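Peer 1: Sequence:
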Amino acid sequence: MTQALRFASLGSGSKGNATLVSAGQTHILIDNGFALRDLTQRLARFELTPDDLNAVLVTHEHGDHVGGVGPLIRRHRLPVHMTYGTRLAAQRRLGQLPHWQMLTPEIPVTIGDLEVLPVTVPHDAREPCQFRLTDGQYQLGILTDLGSVTAHVVTTFQHCDSLVLEANHDPQMLAQGPYPPSLKARVAGDYGHLSNQQAAEFLQHIETGHLQHLVASHISEQNNQAALAGRVLAEALNCTEDWITLADQQQGFGWRACLPRG
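Heads up, the sequence shown is in my numbering, so the first residue is 6 and it goes up one at a time.
FYI, nobody ran anything at the bench for these hints, they're computed from the structure.
Because the structure is a prediction, the values reported are computed rather than measured.
For each residue, glycine too, the CB sits at the ideal point set by N, CA and C.
Check the hints yourself; a few may be wrong.
[As the list claims (entries may be wrong)] Ranges of calculated distance between the beta carbons of each label pair, as one might list FRET restraints:
#, residue 1, residue 2, range
1, Gln-142, Gln-177, 35 to 43 Å
2, Arg-98, Arg-266, 37 to 45 Å
3, Gly-68, Thr-45, 16 to 24 Å
4, Gly-68, Arg-266, 34 to 42 Å
5, Thr-45, Pro-103, 16 to 24 Å
6, Thr-109, Arg-80, 22 to 30 Å
7, Pro-185, Asn-243, 36 to 44 Å
8, Leu-188, Glu-52, 20 to 28 Å
9, Asn-59, Ser-187, 38 to 46 Å
10, Asn-59, Ala-262, 13 to 21 Å
11, Ala-180, Asp-56, 40 to 48 Å
[Claimed, not checked] Listed next, the in silico SDA-like pairs over lysine to any residue satisfying Cα-Cα at most 25 Å (straight line):
#, residue 1, residue 2
12, Lys-20, Gln-202
13, Lys-189, Val-158
14, Lys-20, Ala-180
15, Lys-20, Arg-92
16, Lys-20, Arg-191
17, Lys-20, Gly-90
18, Lys-189, Gly-68
19, Lys-20, Ala-190
20, Lys-20, Trp-260
21, Lys-20, Arg-50
22, Lys-189, Pro-176
23, Lys-189, Thr-160
24, Lys-20, Leu-93
25, Lys-20, Arg-80
26, Lys-189, Ser-19
27, Lys-20, Ala-94
28, Lys-20, Ala-231
29, Lys-189, Ile-211
30, Lys-20, Leu-41
31, Lys-189, Gln-230
32, Lys-189, Glu-132
33, Lys-20, Arg-98
Kindly produce the complete structure, drawing on both the sequences and the hints.
Peer 2: Laid out in structure tokens, this is it:
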């Protein structure tokens with residue numbers, strides 16, 4: 006039987022991010038903020054190796070998302086897909102990219118058994134994007150780094166079967182926390198990161214009737230609490246808190262699979 010769309014996280018947070026998406030015989034890694042040895046150990050939790058990957062997608066050039074991309078794609082000769090702006094901005098950090106494939110926002114690309122739509126988002130990067138992926142039956146939304154929700158984002162992420170959604174900070178904890186004023190302003194700004202409340206408001210503007218999995222991701226260790234993020238999102242969906250998956254920095258989260266609707 007062909008493996009349906011499923012996804013997992015190798016780790017989520019300011020110290021490193023990487024998300025696995027699989028369908029059929031295809032395994033895609035979205036971002037990699039981990040050193041190659043660390044990544045290999047994290048992949049082993051899912052009985053995978055770097056050689057099992059078919060491609061790497063990059064959302065934007067910040068170090069917690071691309072810090073480990075260069076060594077990974079060169080050592081294992083993997084194609085890496087990113088926008089032209091991201092490549093320019095990350096060129097010094099990434100080094101040579103012998104198998105670079107350019108992503109154009111809002112133009113879908115097919116990678117094995119998955120179709121990937123890069124989606125423009127507001128974030129303080131050169132040409133950032135997030136992704137909507139499908140295996141032809143199920144839809145997965147990845148929204149992990151954006152400072153505000155645009156009408157385009159709301160339109161694009163309707164009717165997802167699964168959604169990985171940033172819930173980065175609690176506004177009060179951020180305001181009272183240790184960050185300098187400039188960093189607080191950046192995080193809370195329209196090109197920074199979504200707060201718990203912004204993520205909840207987004208959920209109230211999309212159709213969630215098909216939603217099988219919701220993951221709260223990129224949860225700040227300094228300016229948020231995982232349980233608080235889960236509670237705010239659960240209230241928005243009118244569901245129990247334990248239905249929300251909470252991604253963390255060390256463990257990420259295990260496989261979540263899309264299943265036939267009853």
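Peer 1: Please write out, lowest number first, the hints stated earlier that are contradicted by the structure.
Peer 2: 8, 23 and 29
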